[in-house]
Amino acid sequence: MTHILKTENLKKKFGERVVVNGVSIEAKTGEITGLFGPNGAGKSTTFYMIAGLLVADEGKIFLDDYDLTDYPVYMRARKGIGYLPQEASIFRGLTARENIKAVLQFRDLTENEIEEKTDSLLEEFGLNHVADTKGSYLSGGERRRVEIARALATDPLFILLDEPFAGIDPITIIELQEIIIKLKKRGIGIILTDHNIKDSLRITDKAFILSNGSILKIGTPGEIAQDEEIKEIYLGKDFKLD
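Residue numbering for the sequence shown follows full-length UniProt numbering, starting at 1 and increasing by one per position.
Quick caveat, the hints were computed from the structure, so don't treat them as lab data.
Keep in mind that the hints are not guaranteed to be accurate.
Unchecked claim - Each computed DSS-like pair below joins lysine-lysine, with the alpha-carbon atoms no more than 25 angstroms apart:
#, residue 1, residue 2
1, LYS198, LYS237
2, LYS184, LYS28
3, LYS101, LYS182
4, LYS117, LYS184
5, LYS117, LYS79
6, LYS217, LYS11
Small disclaimer: the values here were computed from a predicted structure and weren't measured.
Go ahead and model the full structure; you've got the sequences and the hints to work with.
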């Protein structure tokens, strides 16, 4: 079954400054949706309203027929919306295994089921070799994989990724791209925002380009990369995906 996460006419002001002005987007499970735009375009504010970190002044946010507009982050998580911040959210004093188990223990599972699920996620994300290593000693890529595995422990419908490619090396970016595509193939919907537009567009199914608080364009990566207006204000005239 396909689930839809959408916003309707979101608006947000900070003081007298209108940052988001009537933004409506739609994301589906099994797809990767990107929110992009130049600095000050309103993409991060829109993203944080979807995540529940900011409250919209006007507009609505729906998961299927559920109105999530007034839900805080933890209630959205219960409905199936996971959120991974840009900053490391791993519990640094816990091992990779303990990080995953810490989330599973809040679910209605037996101890054996928790152990089996933990082992399965460690295996799936290539973390067996660091399963008993504390978070403070993991590399940036390993921490990100633990965070994604931990997010999956809640069986989400959607995962919101904030700057997933920030601060990691090119090889780790490729590994993370493969993981995100794997999540998509599992039927999970991904919504991401990132300043690394090239690496993000390469895995995105549909992109929303924001400018001055409103949606400028919606399209596939190929359409976005070839759009002259987007090149002029955001990508640069020589931008190419390949």
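A quick look at each hint next to the structure:
no. : hint            : in the structure
1   : LYS198 x LYS237 : holds (14 angstroms)
2   : LYS184 x LYS28  : holds (10 angstroms)
3   : LYS101 x LYS182 : holds (22 angstroms)
4   : LYS117 x LYS184 : holds (20 angstroms)
5   : LYS117 x LYS79  : holds (20 angstroms)
6   : LYS217 x LYS11  : holds (18 angstroms)
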